[in-house]
Amino acid sequence: IATVMFGFVGSAQDKNFVSFFSSKEFNQLSNKFSIKNTDIDTKNYASLSHESKLYKIYRVSVTVQGNKNFITFFTDNDGKNYALSYENIDFSKNISQHFDEYGNLYAIFDVIKSDTNYNFKIREAFNPTTFGGQANYRVDCISKTYRTLKNACQADDFCDMMCDLNPSCLPMLAAWAATYCATR
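For the sequence shown, the tail end lands on 196 under my numbering, and the numbers increase by one without skipping.
Some clues are possibly wrong.
[Unchecked claim] In silico DSS-like cross-links for lysine-lysine, where the CA-CA straight-line distance does not exceed 27 Å:
no., residue 1, residue 2
1, K133, K27
2, K80, K55
3, K44, K55
4, K105, K27
5, K133, K105
Calculated from the structure, these hints are not laboratory results.
Based on the sequences and whatever the hints tell you, model everything.
Below, the structure written as C-alpha coordinates:
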(Lines of atoms letter the chains of each structure in order from A and count residues from 1; the text may use other names and numbers.)
(Lines give C-alpha, C1' and ligand atoms only; values in the text may rest on other atoms or scores of the structure.)
Protein backbone atom coordinates (compact mmCIF):
# COMPACT_ATOMS: atom_id res chain seq x y z
CA ILE A 1 0.00 0.00 0.00
CA ALA A 2 1.43 3.31 -1.01
CA THR A 3 1.07 6.34 1.21
CA VAL A 4 -0.06 9.28 -0.83
CA MET A 5 0.90 12.86 -0.19
CA PHE A 6 -0.86 15.77 -1.85
CA GLY A 7 1.13 18.75 -3.03
CA PHE A 8 -0.66 22.07 -2.87
CA VAL A 9 -0.73 23.04 -6.50
CA GLY A 10 -3.77 23.73 -8.54
CA SER A 11 -5.17 25.65 -11.40
CA ALA A 12 -8.37 27.62 -11.28
CA GLN A 13 -8.82 26.59 -14.93
CA ASP A 14 -9.41 22.94 -13.93
CA LYS A 15 -12.97 22.30 -15.17
CA ASN A 16 -13.81 19.44 -12.77
CA PHE A 17 -12.48 21.38 -9.80
CA VAL A 18 -14.56 24.44 -10.66
CA SER A 19 -17.74 22.50 -11.51
CA PHE A 20 -17.63 20.62 -8.18
CA PHE A 21 -18.84 23.77 -6.40
CA SER A 22 -22.08 23.79 -8.38
CA SER A 23 -22.65 20.02 -8.15
CA LYS A 24 -25.57 18.41 -6.34
CA GLU A 25 -23.08 16.64 -4.03
CA PHE A 26 -21.47 19.92 -2.95
CA ASN A 27 -24.89 21.54 -2.53
CA GLN A 28 -25.96 18.65 -0.28
CA LEU A 29 -22.71 18.92 1.74
CA SER A 30 -22.84 22.71 2.04
CA ASN A 31 -26.47 22.60 3.21
CA LYS A 32 -25.75 19.84 5.74
CA PHE A 33 -22.68 21.54 7.24
CA SER A 34 -23.55 25.23 6.58
CA ILE A 35 -20.58 25.77 4.26
CA LYS A 36 -20.54 28.96 2.20
CA ASN A 37 -18.48 29.45 -0.95
CA THR A 38 -16.48 32.12 0.89
CA ASP A 39 -15.41 29.46 3.45
CA ILE A 40 -13.46 27.54 0.79
CA ASP A 41 -9.88 28.28 -0.27
CA THR A 42 -10.23 27.67 -4.02
CA LYS A 43 -6.89 29.31 -4.82
CA ASN A 44 -4.73 26.87 -2.86
CA TYR A 45 -5.86 23.30 -3.23
CA ALA A 46 -4.20 19.94 -3.66
CA SER A 47 -4.71 17.60 -6.58
CA LEU A 48 -3.39 14.19 -7.41
CA SER A 49 -3.80 12.27 -10.64
CA HIS A 50 -5.39 8.87 -10.12
CA GLU A 51 -3.18 5.96 -11.21
CA SER A 52 -5.52 5.35 -14.18
CA LYS A 53 -4.77 8.93 -15.39
CA LEU A 54 -8.51 9.26 -16.10
CA TYR A 55 -9.22 11.75 -13.32
CA LYS A 56 -7.77 13.74 -10.43
CA ILE A 57 -8.50 13.62 -6.71
CA TYR A 58 -8.76 17.05 -5.07
CA ARG A 59 -8.37 18.25 -1.48
CA VAL A 60 -9.48 21.74 -0.53
CA SER A 61 -9.51 23.50 2.82
CA VAL A 62 -12.71 24.87 4.32
CA THR A 63 -12.74 27.32 7.22
CA VAL A 64 -15.98 27.09 9.21
CA GLN A 65 -16.36 29.04 12.46
CA GLY A 66 -12.58 29.41 12.75
CA ASN A 67 -11.87 25.68 12.23
CA LYS A 68 -9.91 24.49 9.21
CA ASN A 69 -11.59 21.42 7.71
CA PHE A 70 -11.10 19.64 4.38
CA ILE A 71 -13.12 18.27 1.50
CA THR A 72 -11.58 15.48 -0.58
CA PHE A 73 -13.44 14.82 -3.84
CA PHE A 74 -13.20 13.54 -7.40
CA THR A 75 -15.29 12.73 -10.43
CA ASP A 76 -14.61 9.83 -12.77
CA ASN A 77 -17.38 10.78 -15.20
CA ASP A 78 -16.33 14.31 -16.19
CA GLY A 79 -18.34 16.24 -13.61
CA LYS A 80 -21.67 14.41 -13.82
CA ASN A 81 -21.27 13.04 -10.27
CA TYR A 82 -18.72 13.50 -7.50
CA ALA A 83 -17.58 11.31 -4.62
CA LEU A 84 -16.43 13.17 -1.53
CA SER A 85 -15.36 13.00 2.07
CA TYR A 86 -15.68 15.91 4.52
CA GLU A 87 -13.08 16.01 7.27
CA ASN A 88 -14.33 18.01 10.26
CA ILE A 89 -11.48 18.73 12.69
CA ASP A 90 -12.23 19.81 16.27
CA PHE A 91 -8.95 20.69 18.00
CA SER A 92 -10.72 21.53 21.27
CA LYS A 93 -11.74 17.84 21.49
CA ASN A 94 -8.65 16.54 19.65
CA ILE A 95 -10.73 14.65 17.08
CA SER A 96 -11.28 14.54 13.34
CA GLN A 97 -14.52 13.16 11.95
CA HIS A 98 -15.02 12.01 8.34
CA PHE A 99 -18.48 12.39 6.78
CA ASP A 100 -20.14 11.96 3.41
CA GLU A 101 -22.30 14.69 1.87
CA TYR A 102 -25.39 13.46 3.74
CA GLY A 103 -23.73 13.80 7.15
CA ASN A 104 -23.13 10.06 7.57
CA LEU A 105 -20.12 9.51 9.84
CA TYR A 106 -17.45 7.14 8.46
CA ALA A 107 -14.66 7.42 11.01
CA ILE A 108 -13.37 9.27 14.05
CA PHE A 109 -9.65 9.96 14.42
CA ASP A 110 -7.79 11.12 17.52
CA VAL A 111 -5.68 14.19 16.68
CA ILE A 112 -2.37 14.25 18.53
CA LYS A 113 -0.24 17.39 18.35
CA SER A 114 3.51 16.97 18.30
CA ASP A 115 6.13 19.72 18.30
CA THR A 116 6.03 20.15 14.53
CA ASN A 117 2.71 18.80 13.26
CA TYR A 118 -0.46 16.79 13.93
CA ASN A 119 -0.83 13.01 13.88
CA PHE A 120 -4.08 11.16 13.27
CA LYS A 121 -4.89 7.81 14.85
CA ILE A 122 -8.07 5.94 14.07
CA ARG A 123 -10.38 5.73 17.05
CA GLU A 124 -13.39 4.13 15.43
CA ALA A 125 -14.77 3.36 11.96
CA PHE A 126 -18.50 3.15 11.36
CA ASN A 127 -20.98 1.80 8.93
CA PRO A 128 -23.05 4.97 8.49
CA THR A 129 -26.23 3.08 7.65
CA THR A 130 -26.55 2.29 11.37
CA PHE A 131 -27.20 5.98 12.12
CA GLY A 132 -30.30 6.34 9.95
CA GLY A 133 -30.82 9.28 7.66
CA GLN A 134 -30.19 9.28 3.93
CA ALA A 135 -27.79 6.51 3.02
CA ASN A 136 -24.99 6.87 0.53
CA TYR A 137 -25.07 3.82 -1.73
CA ARG A 138 -21.28 3.45 -1.35
CA VAL A 139 -21.39 3.07 2.46
CA ASP A 140 -20.89 -0.69 2.74
CA CYS A 141 -18.13 -0.74 0.13
CA ILE A 142 -16.25 2.16 1.76
CA SER A 143 -16.45 0.64 5.25
CA LYS A 144 -15.22 -2.79 4.10
CA THR A 145 -12.50 -1.37 1.84
CA TYR A 146 -11.20 1.00 4.54
CA ARG A 147 -10.97 -1.84 7.08
CA THR A 148 -9.20 -4.03 4.51
CA LEU A 149 -6.66 -1.30 3.69
CA LYS A 150 -6.07 -0.50 7.35
CA ASN A 151 -5.67 -4.16 8.34
CA ALA A 152 -3.32 -4.83 5.43
CA CYS A 153 -1.17 -1.87 6.36
CA GLN A 154 -1.05 -2.86 10.04
CA ALA A 155 -0.04 -6.41 9.05
CA ASP A 156 3.02 -5.08 7.19
CA ASP A 157 5.68 -3.74 9.56
CA PHE A 158 7.04 -1.16 7.11
CA CYS A 159 3.60 0.16 6.10
CA ASP A 160 2.50 0.26 9.75
CA MET A 161 5.62 2.23 10.72
CA MET A 162 5.22 4.65 7.79
CA CYS A 163 1.56 5.14 8.67
CA ASP A 164 2.52 5.95 12.26
CA LEU A 165 5.00 8.56 11.00
CA ASN A 166 2.68 10.16 8.42
CA PRO A 167 -0.20 12.06 10.04
CA SER A 168 -2.30 11.94 6.88
CA CYS A 169 -1.98 8.17 6.35
CA LEU A 170 -5.25 6.96 7.89
CA PRO A 171 -7.33 9.83 6.47
CA MET A 172 -5.80 9.05 3.08
CA LEU A 173 -6.74 5.36 3.46
CA ALA A 174 -10.31 6.52 4.03
CA ALA A 175 -10.14 8.75 0.95
CA TRP A 176 -8.71 5.87 -1.12
CA ALA A 177 -11.55 3.61 0.07
CA ALA A 178 -14.08 6.21 -1.07
CA THR A 179 -12.22 6.56 -4.36
CA TYR A 180 -12.09 2.83 -4.95
CA CYS A 181 -15.80 2.38 -4.24
CA ALA A 182 -16.85 5.28 -6.42
CA THR A 183 -15.00 3.78 -9.38
CA ARG A 184 -16.52 0.29 -9.04
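Status of the hints after comparison with the structure:
1. K133 - K27: violated (34 Å)
2. K80 - K55: holds (15 Å)
3. K44 - K55: holds (24 Å)
4. K105 - K27: violated (37 Å)
5. K133 - K105: Satisfied, since the Cα-Cα distance of roughly 14 Å is no more than 27 Å.
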